[in-house]
Structures are given as C-alpha cells and as structure tokens.
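Engineer: As a plain string of letters, each chain reads:
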Amino acid sequence: MTMTEKHCPKALSRRSFVKIAAAAGAAAGLGVSMSGSLKDAGKAFAESGSSIKTVKTMCHGCIQFCAVLATVEDGVVTKLQGDPDSPLNKTSICIKGLNQMHTVYSPRHILHPMRHVERGTNKWETISWDEAIELAATKIKEGVDKYGPYSFFVSSGGGGAYSGFWAYGFCEAILSPNSFEPGGAQCFMPRASMAPFVYGGRPPSIADSFLWEPFNTYKPATKMIVLWGAQPSISQTALSGHGMADLRVDRGCKTIVVDPNFTPDSAKADVWLPLRPGTDTALVLCWWSYIIEHKLYDEDFTKYWTNLPFLINPDTRLPYLAEEVWPDYVNPAKDPNDEFSTPAYVCFDKKTGTIQPLPYSLPEDSPVDPEIFFTAVVNGAESRTAGQIYYDEAKEWTLEKTGEYCWLQPDKIEEAVKLYAEAEVAGIAHGVATDQTKASSEVPLGVNGLDTIMGYVDKPGVTLTHLSEQYKDRPVMVGDTAALGAWSANYGVGYHVGKTDNWNKKRVEEFPDQELLKTYNQLQRDRLGLVEHKGFFWQDNCHIPTILKAIRTGEPYKPRVWYDFSGNKLAMLGNAQSWYDVLDEIDFCICQYPMITSFHYEAADLIFPLQEWLEWNGTSDIINNKFMFTQVIHLGETVNNGVPATRILARYRELMGETGPSKYTVMPQPDSEDGVRAGVAKDMGVESYEELVNNQDKYVPKVTPPDEYWRYYQYLDIVSDGLPGGFATESRKCEPYCTILLKMSRTGWPFTYPLEMPACDDYNPICVNIPPNENPGDDPEYPLVITSGRVPYYHHGTMRHAPFSRELYPAPEVKINPRTAAEYGIEHMDWVKISSPRGSISARAYLTEGEAPGQLWMERFWNPEAYDASQANPDGGWRQCNINVITDNYVDSDTEKPYNSVYGSYTLRGFQVKIEKGERPENIWVEPKEFEPFMPTLTSEPQTGDVF
Amino acid sequence: MAIQWSLVVFSLLAGCAAGSLVFIGLAEITGTAKKAGFPISIIAGILLLLGGIASVTHLGNPVNVMSAVTNIFSFSGISLELLFLGLSLLVAIIYAIASRRESALGTRIVGIIGLVLGLILCVVLGSSYLIAARPAWNNFGLPLSFFGSSLVMGGFLFVTVANSVKVDKEDIKMTCVWIIVAAIIALVAYLAFGLLSGVALDPAQAALFWVAVVIIGAGIPTVCAIMLHANTGRKSLAYIGLVSAVIGGVGFRALMWVAGSGVLDIFGAANSVLPF
Amino acid sequence: MRNCLVINLDRCTGCDSCVAACKFENGLGLGINWNRVIPVGPTGTHPDLEMYWIPGQCQQCANAACVSVCPTGASYRDPLTNVVLIEKATCIGCHYCAYACPYGVRVFNEEEHVMEKCTLCSHLTADGSGLPACVVACTTGCRFYGDLDDPDSDASKELAKYDTDCIHLLPDTAGTHPATRYILSPNIAKWKELS
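Chains as they are written, first to last, in this note's numbering: chain A, 1 to 948; chain B, 949 to 1224; chain C, 1225 to 1419.
None of these hints come from the bench; they were simulated from the model. Be a bit skeptical, because a hint or two may be false.
In silico EDC-like links for lysine to aspartate or glutamate, alpha-carbon gap of 20 Å or less [unchecked claim]:
1. A:698 with A:687
2. A:702 with A:691
3. A:254 with C:1274
4. A:254 with C:1272
5. C:1414 with A:270
6. A:412 with C:1274
7. A:682 with A:671
8. A:506 with A:338
9. B:1121 with B:1050
10. A:929 with C:1334
11. A:917 with A:830
12. A:123 with A:671
13. C:1381 with A:246
14. A:223 with A:250
15. A:146 with A:585
16. A:254 with A:134
17. C:1385 with A:246
18. A:412 with C:1272
19. A:459 with A:300
20. A:929 with C:1340
21. A:412 with A:293
22. A:146 with A:134
23. B:983 with B:1150
24. A:223 with A:424
25. A:141 with A:131
26. C:1385 with A:293
27. A:929 with C:1335
28. A:459 with A:299
29. A:412 with A:400
30. A:472 with A:721
31. A:929 with C:1336
32. C:1381 with A:250
Ranges of calculated distance between the beta carbons of each label pair, as one might list FRET restraints [said to hold, decoys possible]:
33. A:873 with C:1302: 51 to 57 Å
34. A:418 with C:1335: 58 to 64 Å
35. C:1416 with A:771: 35 to 41 Å
36. A:694 with C:1336: 38 to 44 Å
37. B:1187 with A:823: 51 to 57 Å
38. C:1334 with A:117: 38 to 44 Å
39. B:1209 with A:873: 37 to 43 Å
40. B:1209 with A:870: 33 to 39 Å
Virtual Cβ for every residue (Gly too), placed ideally from N, Cα, C.
All chains, please: the whole structure from these sequences, using the hints.
Structural biologist: Following this line, the structure appears as structure tokens:
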C-alpha cells in the first residue's frame, strides 16, 4: 500500500481514513498491518451512540494536569470543564485545556504512521504500524552495526507529548549515552535538582506540581510567598494560577514577584522587583547580605540545622570533619552497624571560645553553641565558617549597588527582603526563568539557601517541604527520578548519600550484575559534555551544544540516527539555524508526535502518531488527590507515547538476535494500551480498569487522608538511631553551602559512583554573582536586552495550530517601553525586526510601560500555517517569528565558559539584540478568519480500538 | 465606528427628497410652484424609493424589511423613518398625479401636506440617532444638521430643476430666500454638531469637518444662494450649490459615523492599549 | 430580579479562558466574540505600575437601550429570568441595538444576518440548574453569576464581602444602568473610568 498525500491534513479526513482502511484491507487482508484500526472501541466509556455522557479525565495542556470532565455526545467530545472534585482547579479550565477540542479533532492531528517522501517537502506516505516499526528498528540497527551504538541518540521535550524519562531509558537500552531535551538544563533540571542537593527534599517549583504546601486548604498556613521567575497565572493558569488567586484574595497571602516581566502575578504582587534579565545572582546575594547584616535569619535553625557554622578547610573547600582535627574523636552519632553516615564537623564554640567538634544532635542536646559567622584557626590554617564565606561573598551587594546593577529601586529591594524575612512564615517558589540563564545553578542554590537560613523548611506554610514521606531511618538521597539521577539505581550505580562509605562500597560489590553496572558507568563516562557539566547526570542527559558539535565534527564520535520523542525541536532549541544546518548529517530521523511540526517538516523521515490527551490513559496527582486520564475517544491508529519505543526496542532486539528479557531495558512503559490501562487501575488502587472507568464517581479521585499527607518537622522526628531524622544530605542538615556540588565537580560523585569522572573546575558551593554573557553597553550594535516568557494561550511549542488561541494571539508580540519604541519610530502593533548575530525574526510591537526602557520581551513562536495546503510557497514555519533563531547555544561563539558550570545551561533570557521597523513575514496568518483551515475536521472520524 | 454607507446614502437621498418636498410646499403656498412641482415630485419619489432601497441593504437580509413593516407601530427610530419615508413617497406620488391633473387646489393641499411631512422626515432622519450610548451623536446639533442638510439639498434641487424647466426668475428669487435660510440653518447646525460632538476640534476629523462640511456643505451653499438671489439666471450657481450641499451632506454623515463611538467599546478595547 | 455577572478583578489575571469557554459553549466562529477581556494598563511609569483586567460582555442594563430601540421586539427582556436576550427569528439585523448599546458588546452574525450577544448562557442558566460557561471555566474563580436582588445568590454573596468603595460599574453616562458589578480593591489598583 502506498498513498502519497501532499499534505497530511487532507490525508486525515474521514473519507481518506476509509480509503486508507480499504486499501489496507485489500493489501494486507485486514488484520495484519492495520489490525487495530477498525476494531470497535468496545469500551463502555468510549462507545458511540445517541447519548450524552460525562467522563472524568485530566488535561495535559501544560506540565500541570487539571482534573476535567469531558462531555461526550454521540462519541464526540463537545464540552470540557474542570472537575469540581479537584481541590485546586475546581471547575476551572484554561484556554490551553479548552484547545484540546480543536487539537484532537484538528486536521493537523496525524492518525497513522507516515513516512516522509523527502525531508522538507511535507509529502507523506501512510504506512502500516508493522512497516513503521520495522523501518525504525532497521535504521537504528544499521547505524549500530556500521558505527556502533553511539551513532544513536534521542531527544524529548517541547510539549504536547511527554516522554522524558523513558526516552532516556530507551537510549540507554540501545547502549547509547546521549539523550537530551531542549528544556533540561534550560528548564526544570537546575531548580528541580538543586533542592535535593541543598536540603534533600522536593523542589519549590510552583510550575511542576512539586509545590503544594501553599495550596494546602486542610491547614492553610502560607502567609508570604516569593515568586522568583515564576508566573503561575500564565503558565499554570487553572492550577497553580488558580491557587495563587485563592491565596492572595481568600487568604490574604502577601506576594513578592521577582521577574523582569510585568506578569499578572507581578501586577497583583505586594512588591514587584523587575530586575534586569539574568542578574538574579546579585539580587540573591543582596538578600543574603541584608538578612545577615540585619540578623533577620532564624538563628537557631541556621545554627543547628544548616551547615553554615561548619568551619571550612580552605584547601579542600570542604568542611573539616571532627576526626581530621581530633584523630581520637569518637563521634557519638556513629552508626554501630556502619550503614548510616552521620558525620561530626568542626565549629567555633561560643561557650568555650574555642574550636570544638560539632556532633549531630537535637539543638537542645548540642554540647556546643556554634558561631555561624566566624574565622578561626584550624589545624594551623585560617578557616572561615561556611556562613562567613557566604557573608563575605554577599556583603558587597548592598541595596544601592544591587539596585544599580539589577535596575531596581533600593527601597523596593529592602521592602521585599523585609517582607520576606520578617514574615511569620514564608517561602520562595522558584520558576523557570533562571534555568534559562548562565546562573541556572547559582540562583536555586541561593534561594533555597535563603529559605534554609530563614528556617522556612519543612514546616507549615513554607515551600521547602517533604509531604507524605515519613522517615523511619536517617533519610538518604538515592538514585531515582525525584532525588538523584534518572535511572542510575536500576543499574546499581550511584552513591547513597547518607550511607557510609563502607556500606556503599559493599552495595556496589554485591550488585548482582557487575557488567550492567559497568556498562552504565561507561555510558556515563562517554556521555557528551558531562566532564564539564556533571549536573546532567541527575537527568541522564547530555549537553546539547556538545552533541551538536559531535554531529557536526564527528568528535569524539558522530551521532547520526535520531529518535525524537516529542515536540518541535527547531522551535525549542536555542540557535535553531545551527541545528537546521546539521540535519544533513543525520542518516535517519524517527519521530513521534500527534502533529506535524516544523521539525517534522524539515527533519523527520518517519513519524509515529501519538495520542492527544483525550485519547490518553494515565494518572496524576493534584495535591493529595490522584486523578486519572481516561481515554475518552480514540481516533485512527494513535498510541500512548511510550508504546512506539517499546515496540521498536523489541523489534530491534529481535533483529540483533537477542532473546529473553533485556537487562538493559529499564523502560517501565507498557507496550500496549491494555498494559497502560492495567497500570492506571493499579495506580488508582482498583482491581480492573473496567471496574474503574465504569465507576469513576466511586474511585476518582483517590484521596490520601490529609493528616497522612501533610507532614511537617520530620527532621525532628526521632528515627531508628535515636537521633532526629534530619535531612537527606551528607551532613544530615540543610546545606546552603552545598558540598555535594564540590564533590560532583571533582569526581562525578554521587552520580557516577563507583566511577570517578575526570575533574573539572570546582562548582560554586554557594551562590556567587554570575553576570550574563552579554550585557547592555557591551556592543553598541545590539543595545537592547531581550527576555522571554510565556503567554496564556500556548504551552511550550504546542497549540500554534489551535484557532481560538491564534485569533487572540496570532503572532508573537515583542513588548517594548513606549520611550524606547519612540527612539526607533516604532508604534503599537507595528511589525518589527529583531536581530542578534545569529539572525533576524519578526514580531509585532506591543508598547507598554510594563517593560523597562531598553528591555524587550518576546514569546517564542512558530507558524504551522506556513506549510498549509493553501500556501503557494510553503516553508517549515520556524524562521519567521521564532525567538530561537536569535538565541545562542554558543557553538560558534568565542565566549569563554559561556554555559552554567553545573548544568551546562545556555542563555535563553537576557541577551542583546537590536530592533527596527519591519514587515509582516511571508506565510503567516494574523486575521481571525485566516485560521479557518485550523478548525476541527475530525469529529466524524470513527472511534477505533487499540493498535496494540 | 465604521461608516455605514447604506445609511449614509439612505439619509442623503431621503433627506434631499424630503427637503425638496418642503420646497414644493413652500412654492405652493407662495404660488410659485407652477412648472417645477411635477418634475421635482417625480425626482423626490425616485430618491425616496432609492433611499428606501439603500436602507434595506443595511438590514441583515433585505427581505427582513417586511418584519420592519409589520412592526411599524413599534414607533422605534427605524419604524418612524420607515413610516415617514412611506408617507412622503405617497404624498410625492399623489402630488405628481394631482399636478398632472392640473388640480391647483389639489396640488396646494397635497403640497402643504408634503411640506409638513418633509419637515418631519428631515428631523426623523436624524432623531433616530439621538442615542445616549453615542455621546457624539446625542446633541441637538445632530438632528438639526440632518434637518439643515436636507433642506439645503432639497432647495438647490428645487432651483436646479426650476431653472431647467424655465420657471419665472422672480419666482426663483423667492425660493432663494428660503434656501438662504436653510443654508444658514445648516451652517449653525453643523457648527453646533461639530462643537458638541467634538469632531470640530479632533485632529483626526477637524479638516474634513471644517472643509467638507462647514465650508463646502454650508458656506458655499449660503454664498451661492445669496448670489443666486441676486442673479437668478446663473444656473451654474444652482449646480454648484447642489453639489456642495451634497458633498457637505455626505461629509457630515460620514463624520457622524466616524465619531460615533459608544461609551465604551469593550470588544475594541480588548485589542488595544488604552491611553492613560 | 437582576441576573448578571459579578466579576472580582482582584482575582482576574486576564487569561482569556472565559473568552474561549464562551466560544466553545456557544459555537461561535472565528472572529466572533460575546465576551472579551480589556487589559487596563499597565498605568504609571515603569516600574511603578498598576494593572487590572476587565472581562466585558453584555452588562444586563436595567434600562436596556437595546430593547427600547429594537423595531421588532427581537431584543427583549426574558419574562422568566429578566435577562436581556435576542430572539434571532425576529431580528431584522438593523443594528440599532448595537448603536444603542453603550458598551459595544453586540456582534453581528454575518452568516445568520442577525445580532448576537452574551445570553448569560440562558440555555444552561434559565432553569436555575447551570452556570454560564465563562463562570464555570474561569481560572481564578473571579466570575460570579446570580440575581443581585437575591442575597443568597453567588453574585450577591461575593459583593457582600466588599465595601462599596471596591464595587464599580462601567461608566453609565448613557443612563442604561448596567447591572454587572466589578470588584476592585484599591490595594490592587485604583479603578480607572474607561472611555
């Protein structure tokens, strides 16, 4: 069967679907290649009929998931609204969620595996699932046979189909080390991983369903919250956004917003600090300095529950252990079983006026009264406490100096820091903004540290919380997705922080499959860019610019077969042209997604059709409520986003002559929809999926009793060793002076243990000022600083095909202060051209005082209409309005050390550009009626059964 | 808001016709109608008909006019317009028939009825725009401008036709006096509308207002009427007066729409940055 | 009976979800809206700014000019709910109601040749069983529907939480007496009279 369709949208009408099905029947005898596609859905909840029913499901319009109710009329979803059972979004649903009714039925929703006739043509040949899997597995094998497994690499991210952690797992199952996502180092990883490093707990990220405490209505306690580079009202509109509205209005919670953008959260804030993009570290240090100088910190907590009183060895930069000073010292907290590690450190004792051991204990049991800020001689060396080191670093950042550097009013900084530090309880909720700067590690390190010295940890109303985990033993940081390394635990790799050296050594020695362990260590060693940026081990990712260079140059090896798991890489990756330029080096590109994007237009050779969320099965939590994604409808041959990879891997292993279960296969993804359903039922604690979906009112949501869910002060609970639980760090205390970062930079510890990676320059154990690579005034050619952020109409690279979003926000707007605009003769809604050394893009000027003079703001964008059937000269739609055409990944830059040290983040916010009047670019739509070709066409598609 | 050209054409044609009916009536009273009455009543009838058609094109669907007719006694602005448009048309037809039958008493009675209806229609055309929601419209200058504009156009239409059918020059002189009065009313009305609505001082609209509406629409007709009064033989003055009055009439009506913003245009404001 | 919306601008973040919810519920095509959200601001000079958003739709005026100017009675007040509605079958599309509306919230349906506007989702609300789609969808819970004359309605209860200096109307210079109330506390922003 071959059916060449010029444009996929046309291929997906009901009529074409029937044609395809008929052709498949003729060619394959119905039941082989297309076996699933014509089966009756057979599920009570998805049946067609002259009925109206309501199904409980969840929205996947962004990275938070709202519980929703879908109304199904005669098999067609006609209405979406929030599920009143949801404690946070309640009946709310935002425009992104509502867009699903246009997305799942969009003429752009692909329903069958398709092979690209030629890249850059958008001419696709519909093929069977069997053919597609065979093709993908064969191409991977060809590369592996010819060039070895490192010829293969994967990517994920970008929005719309979330496959991150099992994408990395798939890569490792092929024995290749290299997977990445455009987010990763630029989104989520830095702030999500720094919190466990600093205090061993959940990150205070309000965007990712990590942070629920402020929305605790069972025992509401949050009185003051700082949104640092986060805009929940826009990015998580109906969930955290709704929660913030409730907090501010119903509970009178004070808010500070630190954000160059005048977001709705900024507008509602008690204090808004619109700092110059990329200068967050200076402001963090200013807060540190002010709080220390004015003694606003929680002295008891800082003294006994942070590592700031520890005296630091100036040579190693690590805290002295008591045994290093007093060889005969007997640590009272030493575990007689040599399993759990609780070191004793060295402090300057105020009571005796001498340096003394600082053993781990409850504060009231402490034999010493440690000085937090002090310099003492230890072993003959002048040694500062960690607190003193921090203060010395911070104190130059006075209100005035910081104001000048960060473009802030000093009195506003002071008002903010006092509001934060003088609150009864407060917390910093940290957003994506700083992940997209060179200071991606230093900012979360600094803000998490601030919360620790304020004692805003593990108690009601804070943002550093543990939730329902309950300690029986001394808490340990181990390798899993929430704490340390993506899949390392499955391979036996990684040091369990909090356990003793001997215990760790023994664990490694006794790991049953040494070959597996060594293989994983080898993948870690060979992963691209990881000698410099070892923070990537947390997410099993490689460094994006480094893999790009490897593709370009073949050094140290050449990745050439690409499996992209989701999204539009040309819209989402920094310096998009540099990626476009290496596409010719890619021998074969396998993709999976529910839509054709610019990336598929330009790069894909093969694409697997994925489910939109109304076709999806799964579960997720809203606070202490577990809800389910229910497959409300199913069109064509779409599958759950884990399915193609598992199927490809199985076929690949057959081709490689492997039998039996693969020991490298750690992907926990089921390979069939029934497998997914079984997982959902299990997760919801119900015997069968049928029972679950037929009785959703009974089972959904599954509620964890609030008194079990909300737990505080766990660090004070006495655990098995008779000591307070403490925190899952090496010192068992909060580590604002982050020792793990030092050790990581030197050996890869704890991620690669037992492997010692080559050392790189030390990572900063505390927040230090990291100036942006580019600053106003550096280059007169590019006088304006530009930053970015989201708008409520889109999430990541998704929904540019959604007509109701597009008519409201048809083209990206570059926000500019009217005074700046006047200098360039730019008027409101003029088309403008924005250029950096990488290229130029177009946008419409939005004049607003919300933007600081000399600063621009622009949402990222791409234009799926550029390859609509109606275009005379179609193109990939990623060059016109895509801010990533002008961002830099520094692959061709002479900037020294342009990336964040720990995470290798490149800069997407806070770089220099110029602006001039421009013109509306080719092939893009702006008038509401122009978006008519994006209106839904698939509502008459038949309901189909499972492909697998 | 956008200029509603259907309604501009409607009120221009209907106003011109209504004005000419007024002048027929005046001529009947002073006994100066004679030869001109018949052709003008025919022209007035045609203009009313065309105006009616123009107004119907403004409806969602032209056949909806039947609903408007069946609801004529709702006495809403639009039904009053329709009512007096219909009555005026009827009078124009009856007048034409009467003058064909050379019934002097008949034409006089019908002419006077036409004068009354014409005056009412001249006002009705504007009064339906006295809407509180449109601050620029909601002042006496607006209906008065419709009134003045309609009379000046009607007057010049009258003399233009009268000249071409060779009406006695002395009779025309009398008509010119009325036109002078009408033109002055228009001048005052336009000024009142311009100042009360703000268009006279709005930089975006002032040029159109002062040049097209005040000078061309009222000033030139006044001068023409005075000069015509002095020398009724100069036919070109009648043409110039008519064309100027029509230009002014169009300009006024177009400006009215341009300036006719609501108290608050919510849907428009959603797309723009509000000035503060 | 004064059924209408009460909108708490202290909560509203201008996300436009109400706009989309309205369109999906009422089957409105591209370019057609029955509600929109006006960004008011930012006002002031960077960085000393204020901003709020006004979701706008039919204000359910007590003295509804749209009803009085309608030549056919198509614009009418529902005898049961007292809500101002349009009966499409009798609308002749003369636009006078749109001219008479001080707030520009009526839109002409070019396909059906009739005037349209927010119905407060009467198909859901008239029998008292449902809420308008925008109220249900609102992502900040800023919209409240109900009868201002009924102290137990959601709308009245929300208003009752605030002092009169926080409760605002759109400018009533046309004397139509809009029923819709906006809540805006001075600490969020100073109310600006729009024009």
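Engineer: Determine for every hint whether it applies to the structure shown.
Structural biologist: Okay, the hints, checked on the actual structure:
no. : hint                          : in the structure
1   : A:698 with A:687              : 13 Å, holds
2   : A:702 with A:691              : 14 Å, holds
3   : A:254 with C:1274             : 17 Å, holds
4   : A:254 with C:1272             : 18 Å, holds
5   : C:1414 with A:270             : 14 Å, holds
6   : A:412 with C:1274             : 15 Å, holds
7   : A:682 with A:671              : 16 Å, holds
8   : A:506 with A:338              : 11 Å, holds
9   : B:1121 with B:1050            : 24 Å, violated
10  : A:929 with C:1334             : 12 Å, holds
11  : A:917 with A:830              : 7 Å, holds
12  : A:123 with A:671              : 29 Å, violated
13  : C:1381 with A:246             : 16 Å, holds
14  : A:223 with A:250              : 11 Å, holds
15  : A:146 with A:585              : 15 Å, holds
16  : A:254 with A:134              : 58 Å, violated
17  : C:1385 with A:246             : 15 Å, holds
18  : A:412 with C:1272             : 10 Å, holds
19  : A:459 with A:300              : 15 Å, holds
20  : A:929 with C:1340             : 18 Å, holds
21  : A:412 with A:293              : 18 Å, holds
22  : A:146 with A:134              : 18 Å, holds
23  : B:983 with B:1150             : 46 Å, violated
24  : A:223 with A:424              : 7 Å, holds
25  : A:141 with A:131              : 15 Å, holds
26  : C:1385 with A:293             : 42 Å, violated
27  : A:929 with C:1335             : 13 Å, holds
28  : A:459 with A:299              : 16 Å, holds
29  : A:412 with A:400              : 11 Å, holds
30  : A:472 with A:721              : 9 Å, holds
31  : A:929 with C:1336             : 17 Å, holds
32  : C:1381 with A:250             : 14 Å, holds
33  : A:873 with C:1302: 51 to 57 Å : 53 Å, holds
34  : A:418 with C:1335: 58 to 64 Å : 59 Å, holds
35  : C:1416 with A:771: 35 to 41 Å : 39 Å, holds
36  : A:694 with C:1336: 38 to 44 Å : 41 Å, holds
37  : B:1187 with A:823: 51 to 57 Å : 54 Å, holds
38  : C:1334 with A:117: 38 to 44 Å : 40 Å, holds
39  : B:1209 with A:873: 37 to 43 Å : 41 Å, holds
40  : B:1209 with A:870: 33 to 39 Å : 36 Å, holds
The structure shown violates the earlier hints numbered 9, 12, 16, 23, 26.
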